[in-house]
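Participant: Top to bottom, those sequences are chains C and B.
FYI, in this note's numbering the residues of the first sequence are 1 to 54.
FYI, in this note's numbering the residues of the second sequence are 55 to 303.
Everything labelled a hint here was simulated from the structure, so no lab data went into it.
Listed below are the simulated EDC-like cross-link pairs for lysine to aspartate or glutamate, each with C-alpha atoms no more than 16 Å apart in a straight line:
hint: 1; chain 1: C; residue 1: K36; chain 2: B; residue 2: E288
hint: 2; chain 1: B; residue 1: K242; chain 2: B; residue 2: E255
hint: 3; chain 1: C; residue 1: K36; chain 2: B; residue 2: E286
hint: 4; chain 1: B; residue 1: K168; chain 2: B; residue 2: D178
hint: 5; chain 1: B; residue 1: K230; chain 2: B; residue 2: D178
hint: 6; chain 1: B; residue 1: K295; chain 2: C; residue 2: E52
Here are a few chain B residues that sit away from chain C, every Cβ distance over 10 Å (derived from the structure):
hint: 7; residue: A86
hint: 8; residue: I135
hint: 9; residue: W175
hint: 10; residue: A210
hint: 11; residue: N233
Backbone N, C-alpha and C fix where the C-beta goes; we use that ideal spot for every residue, glycine too.
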Amino acid sequence: MAEWLAMGGHGFYIWGSYGVTALFMIVETILVIRHKRTLLQRLGRMMRMNSEVE
Amino acid sequence: MNLFKYSAPSIFYPLAGRLATGFAIAAVLLLAIGLYMSFFVAPTDYKQGEGYRIMFIHVPAAWMSMFIYLVMAAWAAAGMIWRTRLSSMMASALAPTGAMFTFIALWTGALWGKPMWGAWWVWDARLTSELILLFLYIGYMAMESAIDDPRRAARACGLLALVGVINIPIIYYSVKWWNTLHQGASIKMSESGGIESSMTEIMLWTMLIMTFACWFYTIAVALTRVRSIILERESKTVWVKEMLQQGEK
Numbered sequence: 001m002a003e004w005l006a007m008g009g010h011g012f013y014i015w016g017s018y019g020v021t022a023l024f025m026i027v028e029t030i031l032v033i034r035h036k037r038t039l040l041q042r043l044g045r046m047m048r049m050n051s052e053v054e
Numbered sequence: 055m056n057l058f059k060y061s062a063p064s065i066f067y068p069l070a071g072r073l074a075t076g077f078a079i080a081a082v083l084l085l086a087i088g089l090y091m092s093f094f095v096a097p098t099d100y101k102q103g104e105g106y107r108i109m110f111i112h113v114p115a116a117w118m119s120m121f122i123y124l125v126m127a128a129w130a131a132a133g134m135i136w137r138t139r140l141s142s143m144m145a146s147a148l149a150p151t152g153a154m155f156t157f158i159a160l161w162t163g164a165l166w167g168k169p170m171w172g173a174w175w176v177w178d179a180r181l182t183s184e185l186i187l188l189f190l191y192i193g194y195m196a197m198e199s200a201i202d203d204p205r206r207a208a209r210a211c212g213l214l215a216l217v218g219v220i221n222i223p224i225i226y227y228s229v230k231w232w233n234t235l236h237q238g239a240s241i242k243m244s245e246s247g248g249i250e251s252s253m254t255e256i257m258l259w260t261m262l263i264m265t266f267a268c269w270f271y272t273i274a275v276a277l278t279r280v281r282s283i284i285l286e287r288e289s290k291t292v293w294v295k296e297m298l299q300q301g302e303k
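Bound conformation, chain C alone (with noise of 0.2 Å):
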């Protein structure tokens, strides 16, 4: 497992590579998803805010 990690000798830049680009993926799609639950959650309250104001 070890020798295979070394990737040679390369092991730092493959690793530092596919670390940091699934790493941006992860990140990417969190932000998105939570950013919409969010934004729908906002919105319902306010929309129940306004229909109590009513």
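For this one, chain C is given, so just place chain B on it according to the hints.
Facilitator: Below, chain B alone, put in the same frame as chain C:
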């Protein structure tokens, strides 16, 4: 079937949701297959050993950075010409993902260049024009958030996107026009119309699968992001109110 009805945000919104889910599942599957092939199927390179495996993420990211920019500029132009708000929203939804892939192309390129060329960065024609592409994406996003009125923002950003399109062929052909350190295209359309490549069959398939994975990922993320933009812009409309009452997820 009248496709133009999908240009109405209220009709496009649920469709985009279903599409995003479908493409997300496809992206995860292709990514799993592509990664497995990248590490366990693709053979060791006779010259670069294992280091070349960075190629399976570097090249798709670079292709996506250019492809997304062209799609973004097309949507921006459509939004400007036909004044369709949804088109400009689509362009804004693509910009962050395009910027991400541009950064990843530069990052993985540096990590591949260090062991192979001995340098993280070189002011080489391709690297420099790719860096300019990153600034174009950031400029697009900055301008879009700086201008309050969506209509004026769509016009200004549309113009910037179109002006920036000239940079894409420069990136693509830079390796041919200038004597650059960056290698030439390994995958070309041969005269006989097929794909001609200096890579082994397996490497080519791995590359294509990773590219489709990144493409489907982009579609899923952009469609989800455009739904948020639609909600923000159309929060006062009746259809959004009705949807909220039904407790849309």
